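A.B. asks: Chains as they are written, first to last, in my numbering: chain A, 1 to 486; chain B, 1 to 314; chain C, 1 to 220.
FYI, nobody ran anything at the bench for these hints, they're computed from the structure. Because the structure is a prediction, the values reported are computed rather than measured. Be a bit skeptical, because a hint or two may be false.
[As the list claims (entries may be wrong)] As a list, the in silico DSS-like pairs of lysine-lysine whose alpha-carbon atoms are at most 30 Å apart:
1. B/K55 to B/K31
2. B/K31 to B/K269
3. B/K31 to B/K51
4. C/K90 to B/K286
5. B/K286 to B/K31
6. C/K28 to A/K187
7. C/K57 to B/K286
8. B/K269 to B/K286
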Amino acid sequence: MSSSTALLIVLGLPLLASGALAVVGDRKIAPEINILGSTATFAASLILALDVYARGAMVAGRNFFFVDAFSVYLTVLTSFVSMTTAIFSRRYMRREQEHGRVSEVGMRFYHAMFQLFIFAMLLCLLTNNVGILWIAMELATLSTVLLVSLYRTPTAIEAAWKYFILCGVGIAQALFGTVLLYFAAEKVLGEGGEALLWTNLSRVSGQLEPTVLSLAFVFLMVGYGTKVGLVPLHNWLPDAHSEGPTPISAVLSGLLLNIALYALVRCKVLVDGATHTHHAGHIMMGFGLLSILVAAFSLLRQKDIKRMFSYSSIEHMGIATFAFGLGGPIATFGALLHMLVHSLAKSSIFFTVGHASQMHLTQEMEKIKGLLKGNPLVGWGLMFGVMAIAGMPPFGIFTSEFLILTATMKDAPLATPFLLLGLGVAFAALFRRVQSMVAGDVPSSQQPVAAAHIPVLLHTALVLAIGIYLPAFLNQWFHTTVELLK
Amino acid sequence: MNPRSLVIEFLQVVLLIGLAPAFTGWLRTVKCWTQGRTAAGLLQPYRDLRKLLAKEVVLAENASWIFRFTPYIVFGTAVLAGGIIPMISVDLPLAPTADVIVIIALFAVARFFTALAGMDIGTAFGGMGASREMTIASLAEPAMLMAIFTVSLANTSTSLSQIVQVILNGQPVLRPSIAFAFFAFVMIAIAETGRIPVDNPATHLELTMIHEAMILEYSGRHLALIEWGQMMKLLLFAAMGIAAFAPWGIAAAGSLHALPAALAVMVAKLAAIGLVIVMIETGLAKMRLFRLTDYLGAAFLLATLGMISFFILD
Amino acid sequence: MTPSTAAQINSFLAALVLLTSFGMLVQKRLNGLIHLFAWQGLFLSVNTAIVGYVAGKDHLYLSSLLTLVLKVVLLPYILHLLINRLNIRKSVESIVNVPTTMLIGIGLVIFSYHLMGPVRELSTLITRSTLAVALATVLIGLLMMITRQHAVSQIIGFLALENGLFFAATSATYGMPLVVELGVALDILIAAFIFGIFFFHISSTFDSLDVGQMARLKED
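Build out the structure end to end from the sequences listed, making use of the hints.
C.D. replies: So this is what it looks like as structure tokens:
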């Protein structure tokens, strides 16, 4: 199989699965098709990745698609997490259906839109065109809006409306930034679609008009920053995560935020190339640091378990954004690793959180108790997940945070205390809560639940493994990406 | 300053004083036509004025000098403004002494004294009219200035004579800023001259009147002067609009022979404006008083957009 | 048509687009709001066709047609259909502080003018001066979404914002590449489908389309 075929399969499968699932509806076989489609996508993305690993970056489909080390690692991650989420959602959504929270039409919709969402994200990563990237990003928003309001409760509809409006407005700013980018590129590359291709843009980034690009970056930052969930553009995020079905929270947190950050970083590289200054990086550092601090202190006040972990996502996206803004090989390496391990750890946490709230029929943390005794997998899974996300060794997040902290002390010592403060507060806030949830006796109201084992175990094991030993191919990918982003 | 321009100046003022009642008469006549009534003719306002001038002046016991003084101020400022606004020729000796801002200020002075006179007697109607008039003025005047500034910017001068000359010498261009300014100007001119939909000059209905409420206590000669001043104000606003937005036909400096033609064009334009005013007045109902802020706000917005688009788009 | 005439018409249409933006900002009736939106689309469509003619860009005709179909016919039709179905055709929204909103709007226009200064100077297109108006349209759409409480008004604000983006692309670069324009139009269409569903969800859950009632999700 040639690599461009693999690329087309990676993109085509989710789209195909989406159509198939829309037809199949809520028949018993739908979750299996969902899993099958995602697994096949994951397999194809592995083939693609091996190819890129062996032969380096490549373009396909008349320059329409483009893969390099940066996008391929996120492609694998995206298809992997979507696969495990599909596995998780089989048992989880069946239970939700039994409880009458989702209608039959809702289930048809859920499956079709889930695959469409995966397609949109993969298109973001694999397209060579900045304009298509924007369109795919908007498609990713649109396909999840109605999933957030799937339960049709007043709060769910409110959250979805907020998500729709705020992200729509935010991403519109990114389109304005893209127009400005095209304006600058057109002067150098001539008219037509060629001027919007990453491959061309990165080649001539030094000749692009610096003032226009700085202006464009402000708009792109606001636009994609809204989707990353950076403070103060984060208002939609906790609501959308807490009110939607848990599998959607897992992919929103674990994947969509990463994709938006990917778009932002790509733009930053272009802008840096044109301006030869650190302005873009400084803006990102500012947004990142603010997100870390605000999210860390917000963590302390949360009562809803999914809401708390969505603030933790804001914090971690802040860390990654800060590190990308800081630049330099160590920080960038740390940020890439951070995106990977946060994605794995956070989706695993959401899996366990989903089951935990199903056991107690509530998302209020005060009412969740005795998870370790009630369901050891959920209890230990949550425990390990929180340990990982809080940055305890030997989990992968400890490694990435350690790298970022080292780079900060060297390049931006003034930011170090703030960074440490944010990390410390978040650590305390998470542990305070999680202890009371996992420990203690099983309350009488707790109901047994058939938890999905594989996703939780797989994710936790991977985060642990990456923390202990970084495989050579990941190492090489990251190094290539660091070179790309310099 | 040559004698010829003095003659033109004199002619224009006389024309203004003489034609103003005819213009109002024209408006009333057309209005009668549209409503299917028999018109009293163009000369009716003259007869009204003659009758009022012949009548005895009745003064309230507690009327101060302001009350007696105001009619002369209203009439005088209108005549003065008439000497500055180019109607048939730009060759006016008075024109360099005052620009369009001064003209607005002259009208403001007249308004100020009318409002004072309204309150002077101490009747309820006078005070009410004065307060309403000043409310409108506070919103209309900034908008008027904004519209005028836009025209001035586009024609590089605040003097109306200069503006007319610049427009006459240049090519006609499609300018969004001027279009905005024009609509703003029309809206404000309607408010300033007290026409429908802002005020109804033909009514003495207690709740709705604005200008009439202020001058309710006037009689005889005083009333005649105020009414006359008001008629001139209407004509002047029409002339100001013509000068700022469509001055074609006004005689350029120095040609006495062009005056008859200029006069004919002027009369034709005024007649057309009269038709438009009547169409507006027939088509619209008078607005409720507290919707006036919306109306004037819209006018102000238009004027401001005009000014902004001068910088952005021209 | 000479370029200078085209530039004049272009400025004029830009001014009209700006005027409709302000109109929408203060229009209280939903019906009137939809009409204003359709007018704005029409001005944009005509403008795009003229720019396409003068600049000799054939693909702009297609975007012009797309705008005409989507923003002048289809979206207003859908919106009319929705407000008829939801029985809110005659509803009047109370807007607080119209003068302040207008002043902020004017401020946004001036801000856009300053922000677009460097771009205007670098551009050689006849449409360069309208870029500031385009950004202003975007920002006024944003302002409308903030100041309005009604779901339909917010959506129209969103669509007006999208209009501004389209206008920006026409002004800055004679339009984005066709594939991007088509993709954006597709996104808008999907968005229209989604907000249509949303209106029904909101009105059945909250008994009205006033999103001001949605205040359950707050930080305590």
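A.B. asks: Quickly compare the C-alpha distance for B/K31 and B/K269 to 30 Å and report which way the hint goes.
C.D. replies: Roughly 17 Å between the alpha carbons, so the hint for B/K31 and B/K269 holds.
A.B. asks: Holds or violated: B/K269 with B/K286, Cα cutoff 30 Å?
C.D. replies: 26 Å, holds
A.B. asks: For the pair supplied as a hint, B/K55 and B/K31, confirm whether the alpha-carbon distance does not exceed 30 Å.
C.D. replies: 28 Å, holds
A.B. asks: Is the straight-line distance between the alpha-carbon of C/K57 and that of B/K286 30 Å or less?
C.D. replies: 50 Å, violated
A.B. asks: Sort out whether A/K187 lies within 30 Å of C/K28, counting only the CA atoms.
C.D. replies: Distance ~44 Å between C/K28 and A/K187 Cα, so the pair is violated.
A.B. asks: Against the 30 Å threshold, does the CA-CA distance of B/K31 and B/K51 hold or violate the hint?
C.D. replies: 23 Å, holds
A.B. asks: If you draw a straight line from the CA of C/K90 to the CA of B/K286, is it 30 Å or shorter?
C.D. replies: 23 Å, holds
A.B. asks: Given the hinted pair B/K286 and B/K31, is their Cα-Cα distance within 30 Å?
C.D. replies: Holds, at roughly 15 Å.
Violation of the numbered hints given earlier is confined to hints 6, 7; the remaining hints are satisfied by the structure.
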